[in-house]
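Chain order of the listed sequences is A and B. Residue numbering for the first sequence follows this note's numbering, starting at 1 and increasing by one per position. Residue numbering for the second sequence follows this note's numbering, starting at 1 and increasing by one per position.
These are computed hints drawn from the structure, not numbers from a lab. Treat the hints with caution; some may be incorrect.
Taking lysine to aspartate or glutamate pairs in the EDC-like style, the calculated list, with each CA pair at most 20 Å apart, reads [what the hints assert, rightly or not]:
1. B:Lys106 <-> A:Glu57
2. B:Lys107 <-> A:Asp119
3. A:Lys91 <-> B:Asp259
4. A:Lys124 <-> A:Asp101
5. A:Lys124 <-> A:Glu221
6. A:Lys91 <-> B:Asp20
7. B:Lys189 <-> A:Asp186
8. B:Lys189 <-> A:Glu57
9. A:Lys136 <-> A:Glu123
10. A:Lys192 <-> A:Asp212
11. A:Lys60 <-> A:Glu221
12. A:Lys136 <-> A:Asp177
13. A:Lys193 <-> A:Asp101
14. A:Lys29 <-> A:Asp68
15. A:Lys192 <-> A:Glu28
16. B:Lys107 <-> A:Glu57
17. A:Lys29 <-> A:Glu229
18. B:Lys189 <-> A:Asp77
19. B:Lys189 <-> A:Glu28
20. A:Lys124 <-> A:Asp186
21. B:Lys106 <-> A:Glu185
22. A:Lys60 <-> B:Glu169
Okay, the calculated beta carbon distance ranges per label pair [to be verified]:
23. A:Thr98 <-> B:Ser173: 19 to 29 Å
24. B:Lys64 <-> A:Lys117: 28 to 38 Å
25. A:His110 <-> B:Val40: 29 to 39 Å
26. B:Tyr100 <-> A:Gly63: 45 to 55 Å
27. B:Asp176 <-> A:Glu221: 20 to 30 Å
28. B:Ile93 <-> A:Lys60: 55 to 65 Å
29. A:Gly111 <-> B:Ile93: 26 to 36 Å
30. B:Pro113 <-> A:Lys60: 49 to 59 Å
We treat Cβ as the ideally placed atom computed from N, Cα and C, and that holds for glycine.
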Amino acid sequence: MSKISISDLELHYSNFNALKNVNLEIPEKEITAYIGPSGCGKSTLLKSLNRMNDLIEGCKITGTVLLDGEDIYRGMDINLLRKRVGMVFQKPNPFPMTIYDNVAFGPRTHGVRSKVKLDEMVEKALRDAAIWDEVKDRLKKNALGMSGGQQQRLCIARALAVQPEVLLMDEPTSALDPISTSRIEDLALELKKEYTIVMVTHNMQQAARISDNTAFFLLGEVVEFDKTEELFSMPKDKRTEDYITGRFG
Amino acid sequence: MMEAMNHITWREKIKGYKKDPFSALLLTLVVLSAIITVGVLISLIVYIIIKGVPNITPELFEWKYNTENVSMMPAIINTIIITALSLIFAVPIGIFSAIYLAEYAKKGNRLIPVVRLTTETLAGIPSIVFGLFGYLLFNIHFGWGYSMLGGALTLSIMILPLIMRTTEEALLSVSDAYREGSFGLGAGKLRTVFRIVLPSAVPGILSGVILAIGRIVGETAALLYPAGTATVVPSSVMQSGRTLAVHMYALLNEGFYIDQAYATAVVLLVLVIGINALSAFIAKKVGVKE
């Protein structure tokens, strides 16, 4: 069953046509990876799933994106949408405040005031992001003092704390070392039991390792979308084959 | 090895410059300029200290001013009152307009260049013009007469551009990653600006406010007309009172109390240097954090 279905999506940044006629189904509780060379529109598509593109001036979108059958661009409250569709960014971006406050920021935004409830939510989010043991004794310390890999897992915890249904990850490991990367990958595999994950990655091995479905993008178009094993073992399109065998990109 | 390579003796240096007299001339000029700049400042400070420190006496700090003790205590208290009043008016308006410019106004908005031009112009106006304007508006038109409130309002107008610009810069230097992170969690604009962006910008804003305090403390021309030169701590802000800088100006102007004026100058100097040092310290702290 599709959690998100994208149909006829076109996106323009003023004169630049960044996404051309995109049609994709994102299955529930699986990891869907977007791969492709830089500037191919994969991050742009990811950002249109929680309307982060709305922040960019001159950005025009047509077509529909349905989340559980509801059109996210028509009649859906943008802040509720972003609560349901969380996001982890390329560069870890913890807020300059304590670890606790970082994680509690989301729940507080959505009206949770009770200290007991907040404590509970913060702990659960940090546990789910597999970082609880490392930070439980320094929840009141500034988050900027953590290592890059810890910061990124904190950002994942922060996103999980608002109890989203979908987690968008925009190259979540590109700024991290191999060990932190593998921890994030293990975490993603763990998280897909509860969440639908869409991940943009530059790293084809990463897509092959952890994703269930892969979409290959080129110049704003989806060239091929298939089960990950299929796409990597027998690509149907010549361009996909050239890309995954390293002939360009 | 590297050190040996980088190490050039004075003799070698001079030899190098002999080959290239134009470089030698330029070097002399820049070194000279630096020496003159520092020299002027140091001689000014030394001069004021030599003239002023021996004249600092306990009487100068008595609670009430009279022509015997020429106390600067009322002036010090008035300085604090005027500073606080000016900040109360200027800081919120300055910060809020900066928030509008940096966070709310759309990029193509035609109001932005107008507001910017206005603030730049405001920043370039000589302070005596502010003084005259304040006098005409508050003292004459509103009929307040000489009043601390009029003086404080005049100073607020004067420091507004300073606070606005430093705040705007501080806001713009806050990484967009924070804004994205906050929006991405479903926070609205208001919450993002006030919970995430503004707290990150506080050190920058603070250093702007402290610079503004420095200007207020050192200002005379903009205060003479609106606030007058009464030598007491007034019972209400609607009455006249002089700040430290005005006090010093008045002492010099009257010509009877030159020694006390020097003593006042020392106190004023210490105050301004202290405020500037504090501002530099805070600005440095901002620099460290991203």
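Hint check:
Taking the CA atoms of B:Lys106 and A:Glu57, the gap is near 8 Å; set against the 20 Å cutoff, the hint holds. A threshold of 20 Å between alpha carbons decides the hint, and for B:Lys107 with A:Asp119 the separation of about 40 Å lies outside it, so the pair is violated. Using a Cα cut-off of 20 Å, the hinted pair A:Lys91 and B:Asp259 is violated, with the two alpha carbons roughly 62 Å apart. Restraint check: the Cα-Cα separation between A:Lys124 and A:Asp101 comes to about 14 Å, which is no more than 20 Å; the hinted pair holds.
Our distance criterion of 20 Å between C-alpha atoms is broken by A:Lys124 and A:Glu221, whose separation comes to about 39 Å. This hinted pair does not check out: A:Lys91 and B:Asp20 have alpha carbons roughly 50 Å apart, beyond 20 Å. For the given pair, B:Lys189 sits about 34 Å from A:Asp186 by alpha-carbon distance, which is inconsistent with the 20 Å threshold. Distance check on the hinted pair: B:Lys189 and A:Glu57 sit about 15 Å apart at the alpha-carbon level, within 20 Å; holds.
Among the hinted pairs, A:Lys136 with A:Glu123 is consistent with the structure: their alpha-carbon atoms are about 8 Å apart, no more than 20 Å. For the hint linking A:Lys192 to A:Asp212, the alpha-carbon distance of about 10 Å falls within 20 Å, and the restraint holds. Using a Cα cut-off of 20 Å, the hinted pair A:Lys60 and A:Glu221 holds, with the two alpha carbons roughly 16 Å apart. Proposed proximity of A:Lys136 and A:Asp177 is contradicted: the alpha carbons are some 23 Å apart, above 20 Å.
Taking the CA atoms of A:Lys193 and A:Asp101, the gap is near 27 Å; set against the 20 Å cutoff, the hint is violated. For the given pair, A:Lys29 sits about 13 Å from A:Asp68 by alpha-carbon distance, which is consistent with the 20 Å threshold. Using a Cα cut-off of 20 Å, the hinted pair A:Lys192 and A:Glu28 holds, with the two alpha carbons roughly 9 Å apart. Taking the CA atoms of B:Lys107 and A:Glu57, the gap is about 8 Å. The hint holds against a cut of 20 Å.
For the hint pairing A:Lys29 with A:Glu229, the CA-to-CA distance comes to about 17 Å; that is within 20 Å, so the pair holds. Taking the CA atoms of B:Lys189 and A:Asp77, the gap is about 14 Å. The hint holds against a cut of 20 Å. Between the alpha carbons of B:Lys189 and A:Glu28 the distance comes to roughly 30 Å, so the proposed pair goes past 20 Å and is violated. For the suggested pair A:Lys124 and A:Asp186, the alpha carbons sit about 18 Å apart, so the restraint of at most 20 Å is met.
Proposed proximity of B:Lys106 and A:Glu185 is contradicted: the alpha carbons are some 39 Å apart, above 20 Å. Between A:Lys60 and B:Glu169 the CA atoms are separated by roughly 30 Å; this puts the pair beyond 20 Å, and the hint is violated. In this structure the supplied range 19 to 29 Å holds for A:Thr98 paired with B:Ser173, their Cβ-Cβ distance being about 22 Å. Checked against the given bound of 28 to 38 Å, the beta carbons of B:Lys64 and A:Lys117, roughly 60 Å apart, lie outside it.
The beta-carbon spacing between A:His110 and B:Val40, approximately 60 Å, falls outside the hinted interval of 29 to 39 Å. For the pair B:Tyr100 and A:Gly63, the beta carbons lie near 34 Å from each other, so the given range of 45 to 55 Å is not met. Remark: the range hint 20 to 30 Å for B:Asp176 to A:Glu221 is upheld by a beta-carbon distance near 28 Å. For B:Ile93 and A:Lys60, the hinted distance range of 55 to 65 Å is not satisfied, since their beta carbons lie about 37 Å from each other.
The beta-carbon spacing between A:Gly111 and B:Ile93, approximately 31 Å, falls within the hinted interval of 26 to 36 Å. A hinted range of 49 to 59 Å for the beta carbons of B:Pro113 and A:Lys60 is inconsistent with their spacing of about 26 Å.
Checked against the numbered hints listed earlier, the structure breaks hints 2, 3, 5, 6, 7, 12, 13, 19, 21, 22, 24, 25, 26, 28 and 30; every other hint is satisfied.
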